[in-house]
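Please build the complete structure, drawing on both the sequences and the hints.
Sequence order for the protein chains is A and B.
Residue 444 in this note's numbering is what sits at position 444 of the first sequence, and the numbering runs on without skipping anything.
Throughout, this note's numbering is defined as the position within the second sequence, counted from one, plus 1000.
The set of hints was computed from the structure by calculation and includes no laboratory data.
These numbers were taken from a predicted model, which means no experiment stands behind them.
Ideal Cβ placement from N, Cα and C applies to all residues, glycine included.
Possibly wrong hints are sitting among the right ones.
With beta-carbon atoms standing in for the labels, derived distance ranges [unchecked claim]:
(1) Met396/A x Arg1361/B: 54 to 64 Å
(2) Asp167/A x Glu1188/B: 27 to 37 Å
(3) Arg385/A x Gly1031/B: 40 to 50 Å
(4) Gly70/A x Phe1420/B: 39 to 49 Å
(5) Gly1031/B x Gln136/A: 54 to 64 Å
(6) Gly1031/B x Glu245/A: 52 to 62 Å
Number of protein chains: 2
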Amino acid sequence: MAAAAVEVTWDVEYILWAPDCQQRVMIGINGRFPGPNITARAGDVISVTMNNKMHTEGVVIHWHGIRQFGTPWADGTASISQCAVNPGETFIYKFVADKPGTYFYHGHFGMQRAAGLYGSLIVLDSPEQPEPFRHQYDDGGELPMMLLSDWWHQNVYAQAAGLDGKDRHFEWIGEPQTILINGRGQFECTQGPTRKSFEKLLNENVETCVDDQKMCSDQEKCLRRSECGPYCPRSQCAPVVFNVEQGKTYRLRIASTTSLSLLNVKIQGHKMTVVEADGNHVEPFVVDDIDIYSGESYSVLLKADQKPASYWISVGVRGRHPKTVPALAILSYGNGNAAAPPLQLPAGEPPVTPAWNDTQRSKAFTYSIRARKDTNQPPPAAADRQIFLLNTQNLMDGRYRWSINNVSLTLPATPYLGAFHHGLQDSAFDASGELPAAFPGDYDVMRPPANNATTASDRVFRLRHGGVVDVVLQNANMLREEVSETHPWHLHGHDFWVLGYGDGRYDPAAHAAGLNAADPPLRNTAVVFPHG
Amino acid sequence: MAAAAVEVTWDVEYILWAPDCQQRVMIGINGRFPGPNITARAGDVISVTMNNKMHTEGVVIHWHGIRQFGTPWADGTASISQCAVNPGETFIYKFVADKPGTYFYHGHFGMQRAAGLYGSLIVLDSPEQPEPFRHQYDDGGELPMMLLSDWWHQNVYAQAAGLDGKDRHFEWIGEPQTILINGRGQFECTQGPTRKSFEKLLNENVETCVDDQKMCSDQEKCLRRSECGPYCPRSQCAPVVFNVEQGKTYRLRIASTTSLSLLNVKIQGHKMTVVEADGNHVEPFVVDDIDIYSGESYSVLLKADQKPASYWISVGVRGRHPKTVPALAILSYGNGNAAAPPLQLPAGEPPVTPAWNDTQRSKAFTYSIRARKDTNQPPPAAADRQIFLLNTQNLMDGRYRWSINNVSLTLPATPYLGAFHHGLQDSAFDASGELPAAFPGDYDVMRPPANNATTASDRVFRLRHGGVVDVVLQNANMLREEVSETHPWHLHGHDFWVLGYGDGRYDPAAHAAGLNAADPPLRNTAVVFPHG
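Pasting the structure below:
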């Protein structure tokens, strides 16, 4: 099959939007949030002409999971692969959708992703790159992708000011107000007596919707006035409904672009079979619910094998004591009903996702992911070099800074890629040495960091092209005693094999033999558990 | 006297601040709002090293009223004199404080001024450039400058999204929540029963302030929790107090950097003598209150000739039906009191500023401004060319656009100044012709604009260096019937003579003879009245 061209033009601009029925300013694309879905076939060339219509902010867009073979300048990371595109300017991203899978895109400059600049990117399989599980779901069984995110009512500029605050000026952003499913949530309208509002939202008819102020002939105006009560139109914060026919098997793609939240997706009365992770095949396994960390993506197979009705989909927070209520969506068997609306709320309560602090359960899920047997490409037997990356929370000049081996990244004004291309690497950033590739042998990962002499640097690691590198991601205790959090790590431009997980400090002598060299999964995002 | 150097270094960054006792994100300088005062002497070289510490926004700073003789690149206007300074970059503004007067500085990119990026700039007189009214106020009689602004609780990104919205997505920002005096206001705490909160704020002791949550040992945390009630500390939203001694005469500088509001300043029991406007001498005249439009500055002489007590200063809105309550400050005679605090509220009610719609009164004030007789520099007898600028509100592609002679400005990505300097003027902007220098002879300024075929352009006028230009600023009716608003106009890089004002369409045959060629005031900002 000849590669096709997928060409779109985007205006990135501020929009007033009510993702959870509360209006805020967001960064939208072509006047909408989330940004437009992109669907391509493996091998297609995707071309996005991006016009920056914001007044003062630069912008870039990262194509999360796309390896950018041959087009590293299209990776969309400010200070790494390009300068931010200034207001009024246009930039064309052009790259190959190199392999089938579930991806997404998002702003990669400041906190623009958290401001709403993201959307889904689906790469369908092709005759040259078939997906081995394609025959396991029905034709037309591709459900809309489920893109998950977390949302704060406070704008990202205020969030940044608080997080960057020195000493007592530091302000933690707190837990998100709402978990969004495909950019939609229902703040304070899913629990207890307000559940009725959820039902109303579900069935609201745009044409007849009338709020207390009788303003609903103008759809937009009506929405802007709404609190948890009558809403119109349903477009911005209506619950997401996945429609299925009884007896068919579906493929549901799930991805997470949260800022903070670790999530779990559970569908009332249905099991899921995991078949894809981050654009790579995994050995199918059946789960009742699925954990998903920011940056990850999965495909699951879902059999509509229950009686024709509506079923709850719950998306709950894990890993942090949740102050955010689970997001809800509906799985609806439409085939048994004469007319689709009105949609009834499912019977019973939404399923309860696993306890937020049941880390063993999370580990069990993640550890069970293996490369698919019939397409497994095991890693090389030996690595050229080993890099240890200790991840700690530190204080630097009165400000909280995360650091790796006690070095906190400062982004250079000249992008690394441009610096190398133009021979500026001696002036554009600190090229006097590499970053430390290890951390002190006596570092106690179970205790708060004592080494608070964190330095800031824009040094890099230099790897041999085609080389094989072992990377040990070492989690540690935070500044507060006996607290360590789960951290997903994402790599641009490459997939990597996840050879193993463990608790406490990694000890090559004790742990290396237990690594999985046979069928480790390929991923672009890996999760490191507390103190792990 | 030899010129000195005034050198400062500024970090421009987001801050969480409570200018009217409600915390929001603002753009601050060196962690504070408003930005630091700059005081220089005429002839001094001011050098500001500006570090852009914002994460995604570019920034420039305009030195409002400074003519930038020999340093046009330091004017600080994005797309005009320079590119915006990108995040992480540094720009050094260096220019001569060319003449004594009352100035201020502000961001000139997007809506950053409205986000709080401004501060005062005072140029003191020198032996070479004496101010003729210097002997009329006492030594030490320079009061802190009064810099006025208006403030919205909605952030500027949301404001921009609403104002730029197409068709029904347009959202008007509404009237400001608070008028700020030197960056301080007291939202909902100056009227009626809440006046007590104002008094409490006035006298609050930082060390002992305790709010309901007992958090005030940490000053900042306390403030962040506050509503109209107990506040701590007093630093961010405490009322401004001007301290005077009975019998002395003072110089009070007043400037306005509002986005929308036309203001009037009135001091209980005191008259003011106007002596300076926009850094130019005016023939002294005595007023009960003073109108001030955005971009204007004045110096008034104030004699502390009342009994030792406290007096209200009211700053009220004019020109638009005010939904914003007047701002209040205190003039305090401290010399008669043994110990300064606690400060009593002044006796009686704050003075009431003139009715918002008493346009005749506004005209009377503005028309009475004349160049000071003993330093008058009248304009040349004849002009080389005449330009008529019709100012209308239009719709363009469903969006509200203000335009001049039916052309709405689009800013070019390459700054005009750089384009000319580098010989790029044929590619950087539309150099195929000039902007229209007149408007149709039958245009009815009393009616809504019919010519809605507004075009967008980045064309410029090209004037002869050293030439003399007559500019007629013609106000008109807005899109709504029988509405025309007052508009201040500001010119960069030059002062101009204000030859006259009038009502309705300017007719050279009828009106030219009535212009004031003898003692017109020099200004950098001129106000055009409704339909005027």
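Structure-based check of each hint:
For the hinted restraint 54 to 64 Å between methionine 396/A and arginine 1361/B, the CB-CB distance of approximately 58 Å keeps it satisfied. Range check, aspartate 167/A to glutamate 1188/B: about 30 Å between beta-carbon atoms, so the 27 to 37 Å window is met. Separated by about 43 Å at the C-beta atoms, arginine 385/A and glycine 1031/B satisfy the suggested range of 40 to 50 Å. Between glycine 70/A and phenylalanine 1420/B the beta carbons are some 40 Å apart, a value that agrees with the proposed interval 39 to 49 Å.
Take glycine 1031/B and glutamine 136/A: their Cβ atoms lie about 58 Å apart, and the range 54 to 64 Å holds. In this structure, glycine 1031/B and glutamate 245/A meet the distance hint of 52 to 62 Å, their C-beta atoms being roughly 60 Å apart.
Of the numbered hints stated above, none is contradicted by the structure.
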